[in-house]
Amino acid sequence: MPPVHRSVVYDWLRHDKKFPHVWCPGCGLGILLGSLLRSLVESGLDKNQVVLVSGIGCSGRLPVYVDVNSVHTTHGRALTFATGIKLAKPELKVITVMGDGDATAIGGNHLIHAARRNLDITAIIVNNQTYGMTGGQYSPTTPLGAKATTAPYGHREPSFDISALSATAGASFVARSTVYHVTQLDQLLGQAIAKPGFGVVEVLSPCHTNFGRQNRLGSQVDMMKEFKRKGMRVERWRELPEGKRAESIPLGVLVDRDLPVFGQSYDRICDAASRRGEAGK
Amino acid sequence: MAKPRAQLLQGNEAIALGALAAGCNFFAGYPITPASEITERMSREMPARGYPFIQMEDEIASIGCCIGGSLAGKKVMTATSGPGFSLMQENLGYACIAEVPLVVVNVMRGGPSTGLPTNVAQGDVQQARWGTHGDHPAIVLCPATVAQCYELTITAFNWAERFRTPVVLLSDEVVAHMREKVVLPEPHEIEVIDRRQPTVPPDWYVPYKTDGSLIPQLANLGEGYRYHVTGLVHDERGFPTRRADEVEPFYNRLFGKISRHFADLERVKAYQLDDAEMVIIAYGCTARAAAAAVRIGRERGLKVGMLQLMSIWPFPRRPVEEALTGKRLALVPELNMGQISREVKRVNDGRTQVLRHGKMDGSMITPDEILGRLREAK
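Sequences listed follow chains A and B, in order.
Going from the first sequence to the working numbering is simple: count from 1 and add 1000.
Going from the second sequence to the working numbering is simple: count from 1 and add 77.
Only chain B is shown next, with the shape it has when bound in the complex:
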């Protein structure tokens, strides 16, 4: 058998290739730096496979188009950056309440508004969680390397299909535009999950009636199961309802289908944590600087380790708690004024000293800055 070939790939390209490996067969997007390479790559790949690709008139239309494609049975993705992600929020909520599998890539750049195009930032962490109105569950993944861009895009598709919910892949400008050597897995090594389809005949079909998984088996449009899809709160048959005895179970199920599978939704990577006295908790491009800080710090005799968060929502509470336990100090470096450090402090509940290191000047946090913060705190 031929040896797997190493490739030099850009983060955005790896997302496009990861999507294809996960079975993505529908893409709609709108140009925006630093995410355009994903849309450009898909405009080459999709027609060659006979799959729909379309550049819509704006980001609202892009996500609307994707939801339509997904309802008709396609595995869909769109890609954007901050301003476009803001425009998508209403329909992101639609995908959540109507339980439509969907992958949205947001390559973060400096904001708010047009902000700092197109320098790196990590300011959309809370928007990815709370951007759409109304309380709702959210799944958000965050890659730090080109290989993780590929891997987490596949995870995003698998979770979107399994849980029938939108999944946000939160990349950033550095990870998106960086090129690294990667060896992509063979197709047979990749686990691909597809949405479950109804097994009962159409006459017996109740679209939103679920089994113990709490995840409905919604039929793809046009396959004999005629039902109603709506952004209104609906009963088990899909029809709008305002009855408290139907509304409350609906919300309980919507949250429950994620919280029941909470343990499956944690993705973290521990780096030299076993004997560490200090822990850096980082994500995205900042995790790269943190990893370098750990290497350099160790050479200088600092007992420091790192926990990289690859899934940030639902917040990976258990591994963060474990990483904090028994540590003298935790540092959360991020390219915002404390969006994840606040979460870490919440989970920590006052047991370990948690410091934040926020930076908003359009550049990355360096390993030296992290080591400097650790030395100050010592």
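For reference, chain A alone in the conformation it holds in the complex:
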């Protein structure tokens, strides 16, 4: 992918919104925002045709900075609003931005059903393994044993694998990357946006303020280095012996398959229903 010129990205930011943004210095969400803007520009979409929908949390604040149609919804419900928007106006490109708690705890039900339904929506799930905005409580992706403000003695629950969950639930496209692997992230977001059906991109992002500090993971830079050290292309990761796999994080396109897309199958039902209605007259 050729580099997108900075001024083009600048054009997609909302300049009547008061910057600076709400995120902590060093947060990965700014990197994701840049990556998303480059992917949108690269996809050749018209700003008026893009709807960014978010839930609640640090990630929920992302759409307000982008000069598209933006909807900041309630906690966990971004996919339900997105479903309504897509059903109402199938010609729009609907992209949701959610956090790990947003998408897999309070909104977990909506995530699996959106994947099962396979409506043409792109879901970006920013996984920082904690509830950052509320102060570092444990989320469904907090690793076993990690500390959180609600797990002062260490977390006692196993965690979700967001990508595996989305794939099992029926998403057409599932990919994972990190805010360290920006070039890959740009490409994966672009692929997810272009893919018909439900596409999930899990983006690993550091929360050094509320997760890293409690777990003595060092600075934001140290956490980024950890992504660099652990991240591995999924093709290579699959060749590793079973026992070695847990040490690395597989990145790249995990699932890419052609499944029936909800909107198209619903159109066929409408045709059949209206024909039956005419026949009945």
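Note that these hints are calculated values from the structure, not bench results.
Ideal Cβ placement from N, Cα and C applies to all residues, glycine included.
A hint or two may mislead.
Simulated restraints, written as ranges between beta carbons of each label pair [said to hold, decoys possible]:
1) Glu-323(B) with Arg-1156(A): 54 to 60 Å
2) Lys-1228(A) with Lys-286(B): 45 to 51 Å
3) Gly-333(B) with Glu-1091(A): 33 to 39 Å
4) Asp-1267(A) with Ala-340(B): 44 to 50 Å
5) Asp-445(B) with Asp-1267(A): 54 to 60 Å
6) His-1015(A) with Pro-194(B): 23 to 29 Å
7) Arg-337(B) with Arg-1116(A): 44 to 50 Å
8) Lys-1244(A) with Pro-194(B): 51 to 57 Å
9) Cys-1024(A) with Gly-127(B): 43 to 49 Å
10) Thr-1149(A) with Pro-278(B): 45 to 51 Å
11) Asp-1267(A) with Arg-320(B): 45 to 51 Å
12) Trp-281(B) with Arg-1213(A): 44 to 50 Å
Got chain A; can you put chain B on it based on the hints?
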């Protein structure tokens, strides 16, 4: 011209047909007795017209989906009963603060919790007003007949579109499942109101800047007016704000857009009130028993009349005051322990004797019970 045909219709069916007559072109719901017939009917009607219908994974998703559809320009409705209505409360507040037109039908059954499925009750009257958190205005309509189910569903859509706010249609199990003969109006006899759209070009557009009506002209998504929709308190441009000088005017406008049009939002029906010495104030299925009590009471020489409340929130203060004035006695029968009688007493302010008649055994209040209460009080 062909004579209008009478039909035998169920209350829930009439709501579905009323919605279609009002221009409903988007429905999302989740099964629950005694509201499922609405969702089932819509699952037949919507695809035949090429409109979206979807059964979501729960009621939270249903209302979320409806809000999304409405933001994109559709006229949306969802239907549920008590447990589902409780689940919808957070997003009902979202529709209120983000000013999204939306019709929610709540067919009341016995509660709280799973309660008394699916016997009739009127226990959600205050929840419909105060269910979502934070202070907010609310519009709630309450039908008592199948014909009113049809008529008030159209009113609910018109008000949701006009005021850009959620409107709750509060039906109950008896009205929902009852079948009555109705003659539906011809399409040209029905007034349909659609939301106003911006008239300025996108460059000049300030989404939440309003004229004297205080109602914003929010553009449908994807039509060239890019703006931000949020459940946070926002400034005129739609961006989150915590500045007191922007927060206070925001709330004033949110309440003002309803209170300024208060007189348009009163729907009541007076029944033999002119010479009445006693008045029954009733709503929903209880108004049917009250109407029968008035008929029987009159035959027995009781000077009794009835005021049916078809709009219950904002509480129709003026017509209730008028109905109470000069009466010896007012009786408020309802299938709860006094949710509306408290409002009537508040409006009455001690001038007339107001009695409540609450019943919570899963059955309707009968005309005999009402007449018995009136005789006791005499």
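Pairwise beta carbon distance, Asp-1267(A) to Ala-340(B), judged against the given window 44 to 50 Å: holds (45 Å)
Status of the given 45 to 51 Å range, CB of Pro-278(B) versus CB of Thr-1149(A): holds (49 Å)
For the hint 54 to 60 Å, verify it against the beta carbon of Asp-445(B) and that of Asp-1267(A). Since the Cβ atoms of Asp-445(B) and Asp-1267(A) sit about 56 Å apart, the hinted range of 54 to 60 Å holds.
Regarding Gly-333(B) and Glu-1091(A), is the given constraint of 33 to 39 Å on their beta-carbon distance met? Taking Cβ atoms as reference, Gly-333(B) and Glu-1091(A) lie about 36 Å apart, which means the hint holds.
For the hint 45 to 51 Å, verify it against the beta carbon of Lys-1228(A) and that of Lys-286(B). At 48 Å between Cβs, range holds.
Range agreement (Cβ of Arg-1116(A) with Cβ of Arg-337(B), hint 44 to 50 Å): holds (46 Å)
Outcome of range test on Cβ distance (Glu-323(B), Arg-1156(A); 54 to 60 Å): Given range 54 to 60 Å: violated, Cβ gap about 45 Å.
Range agreement (Cβ of Arg-320(B) with Cβ of Asp-1267(A), hint 45 to 51 Å): 47 Å Cβ-Cβ, so the 45 to 51 Å window holds.
Per the hint of 23 to 29 Å, is the separation of the Cβ atoms of His-1015(A) and Pro-194(B) within bounds? Once the Cβ atoms are compared, 54 Å apart, the range 23 to 29 Å for Pro-194(B) and His-1015(A) is violated.
A range of 44 to 50 Å was offered for this pair. Does it hold for the Cβ distance of Trp-281(B) and Arg-1213(A)? holds (47 Å)
Just to be sure I understand the hint, the distance between the Cβ atoms of Lys-1244(A) and Pro-194(B) should be within 51 to 57 Å; is that true here? At 55 Å between Cβs, range holds.
Could one say that the CB atoms of Cys-1024(A) and Gly-127(B) fall in the range 43 to 49 Å? holds (48 Å)
Comparing the model with each numbered hint stated earlier shows that hints 1 and 6 do not hold.
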